[in-house]
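Chains as they are written, first to last, in the working numbering: chain A, 1 to 419; chain B, 1001 to 1419.
Keep in mind that the hints were calculated from the coordinates and are not lab data.
Glycine residues also receive a C-beta, built at the ideal position from the N, C-alpha and C atoms.
Where hints are given, some of them may not hold.
Heads up, simulated BS3-like pairs for lysine-lysine below, C-alpha to C-alpha not over 27 Å straight-line [stated by the list, open to error]:
(1) A/K226 / A/K216
(2) A/K274 / A/K241
(3) B/K1170 / B/K1156
(4) A/K170 / B/K1332
(5) A/K328 / B/K1170
(6) A/K33 / A/K226
(7) B/K1216 / B/K1089
(8) B/K1170 / B/K1409
(9) A/K117 / A/K91
(10) A/K93 / B/K1118
(11) A/K240 / B/K1277
(12) A/K241 / B/K1277
(13) B/K1093 / A/K111
(14) A/K332 / B/K1178
Facing chain A, according to a computed beta carbon distance under 8 Å, are these residues of chain B, among others [to be verified]:
(15) G1075
(16) S1137
(17) A1144
(18) G1280
(19) S1289
(20) S1355
Number of protein chains: 2
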Amino acid sequence: MIQYERYLDVEIDEENSMLLLNAFGSMIREREKGVSGYYNLPDDSIHLLKEVENYIINEDGIYQSAENIVLIGIGGSSLGTKAVNSMLKHKYKNIKNLLFLENPDPLSISKIFSQIKKENSIFVVISKSGGTIETTSIFKTVIAHFDIDLNTAENKRVLIVTDDGSPLCKFADFHGIKVFVIPQNVGGRFSVLSAVGVVPLKLVGFDVESILRGAKSIMDKFFDSKIESIGLKALFYAQKKYPVNVLFSYADCLEDFTKWFVQLWAESLGKIDKEGKHTGLTPIGHIGSVDQHSFLQLIMQGVRDKTVTFIKVEDFENDLIVPSISLKNIEKVDYINSHSFNELINAECDATKESLIAENIPVDSITLDIISEENIGEMIMYFELLTSYTGLLLGINTYDQPGVENGKKILVKKFGGDK
Amino acid sequence: MIQYERYLDVEIDEENSMLLLNAFGSMIREREKGVSGYYNLPDDSIHLLKEVENYIINEDGIYQSAENIVLIGIGGSSLGTKAVNSMLKHKYKNIKNLLFLENPDPLSISKIFSQIKKENSIFVVISKSGGTIETTSIFKTVIAHFDIDLNTAENKRVLIVTDDGSPLCKFADFHGIKVFVIPQNVGGRFSVLSAVGVVPLKLVGFDVESILRGAKSIMDKFFDSKIESIGLKALFYAQKKYPVNVLFSYADCLEDFTKWFVQLWAESLGKIDKEGKHTGLTPIGHIGSVDQHSFLQLIMQGVRDKTVTFIKVEDFENDLIVPSISLKNIEKVDYINSHSFNELINAECDATKESLIAENIPVDSITLDIISEENIGEMIMYFELLTSYTGLLLGINTYDQPGVENGKKILVKKFGGDK
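So that you can see chain A by itself, here it is in the shape it has in the complex (with noise of 0.2 Å):
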């Protein structure tokens, strides 16, 4: 269970109230007509599941033998299934390991390989396009380090996430190597729940059909009209007197979804509008009990522009207590003995929270009941329509990313390649 609390001010007019009806309207389009695939991916990707559960099956002696799950994939195809990794790992007892070949820093690759063998790992690569150039260079390197065959059985240990088609795809099937296909309207930061992050997640052991149950569950309601607070939000945030929207949360398992927030947030909202206007959202993450001894500083005195939203846990469901015992010369701090650190935790956020209202900065608050993967599933689903809503009312495409590519150019060009 999420509860969600809103203190950022909206007036409700009769004009907004046409805004928001409008996007409303087109999100439901944007479903039906699959502008983009990700609100089908919570009834879509059930039947990943049983194809997961099938390979298992058919290649027990691998499977067993696998204590790490080694994913290759960059950006979106890596930042989701790493968030839900890092929020739920500690809850479960003899799962696999899973890591992450992603970045291409020599020493961070280099270390991977140091931790691994190719008799107790499984590959998972994992490129939309199916060319990223991380990632293909990353693969070839496995390849050769680990010496895999991939004209014998050992192309067992590799699986391949990719759209129907692609270069990645083709490659895969001349090799006989397993394909899960990633739907083509389904963009990289709306991924997680695809064969992206399915896969993956489903194979290190987690209970990924909860986490599908919980995206639903939130989607189903949404869809209703039975939440009206995303459109609120999303409506504020529109508005662009707050151009800056800090996540602030209040556990350390949550550091990686702040990540998936932040890339989600900007590469969607960061858009040439339909009236050639640079327009956009800055996104920041962090981890608030931490953070608020230094960035609070500037949200607090700095210009005026930051909006925060808190999440917190209400349950670690651990027990760990500060001592009721007195240290001499500090016995001032005393009151906080025989109260728990989950406690602690979450009367900063609270009083941090508390400390914002009181200077009138726009806030929200995301309260998990605990950490459980249908609230991690209704976390990521609610981010993402908050998302396509304020995408909507910005009036710019969600979907797209045009800015990235003449990067990706340039790269090329210095390497002499001809893409």
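Let chain A serve as the given structure and place chain B on it in line with the hints.
Frame of chain A; chain B shown alone:
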């Protein structure tokens, strides 16, 4: 050796020249009058090395059997040390493991507890004020959990880093625990070259002397008026045309450094200025090679309010190469064959930089020839000097943080404390 390139255009007319000269004069006075003590740390901290060495010699048994240095501290008391550790640790063999008890997140604390034993750990408790609630709470929990008897020689496993005369300092004196003093006029975010960073980093086994030497070298050059670029860059920022400042680091090991920069910049410059106006610059840290797949879109097509600073490592001292193999149907990416990942990641940095320059987005770049102690010391001091210079040009107090106090008061009240 570090190379600085600047593509941020700033006009140097008479007025600007005067502004620069005045601010530079103010920095000289800040240093002489001890407005902030960080200017003196490269010299003053040398004696700490000897102090730590004495501890190592005196407590030889404890030190030799210690596998872990456990830092208990939050925000300015840990971020800088974490940044240095992350950048350097891959270059050393046989150093101790540095662990952080920072965030009062019960899951994180419990996890570290399960990884260490009292017998193989030295605990370094760091709090400038000596009463930081997160730090004292975690410290108490450590004492109880590991059953540390502070009235026996076991207290040699505990080291305290704090201001002279603070509650924590008095506590240490009472039990005969070794204290390393933080100069009163060195604030948390400027403290990494004081005992705050020097003590834990030296205990881990790093060559801290070279870090201090690197810091001293750039500071001496700066005050000898041999580095114009810092002032010019500060002036560009202080014009506030581009209030969002992005750091794009092209190496995973720099991620914690970007976090250190973010807190330094945000907390120092987010202030109410002399005229009572909310001012400040908003820093954002990213790993460029990953986030150029997402955040770059916002920089390119979003509101043009951002500068981008690229940090690049010329030589990773690692020869991992993309093998010269061709994968069926993805031969198109073979242009990268036989190139090193070192080349790839740096070419990405250059390509992205060029694509931003082509769009007239203000950028600059910092290129480390290698990751070395001297370069790290220089980078730390570079950003600290830049922050001081920018703060003076903005007409604010760079060294205080009044905006974080109210939240702390509310927190104490929630627990019935009397602060």
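So, going through the hints one by one against the coordinates:
no., hint, verdict
1, A/K226 / A/K216, "14 Å, holds"
2, A/K274 / A/K241, "19 Å, holds"
3, B/K1170 / B/K1156, "16 Å, holds"
4, A/K170 / B/K1332, "13 Å, holds"
5, A/K328 / B/K1170, "8 Å, holds"
6, A/K33 / A/K226, "22 Å, holds"
7, B/K1216 / B/K1089, "22 Å, holds"
8, B/K1170 / B/K1409, "23 Å, holds"
9, A/K117 / A/K91, "26 Å, holds"
10, A/K93 / B/K1118, "26 Å, holds"
11, A/K240 / B/K1277, "21 Å, holds"
12, A/K241 / B/K1277, "18 Å, holds"
13, B/K1093 / A/K111, "14 Å, holds"
14, A/K332 / B/K1178, "22 Å, holds"
15, G1075, "3 Å, holds"
16, S1137, "5 Å, holds"
17, A1144, "4 Å, holds"
18, G1280, "3 Å, holds"
19, S1289, "5 Å, holds"
20, S1355, "4 Å, holds"
Consistency with the previously given hints is maintained throughout, with no hint failing.
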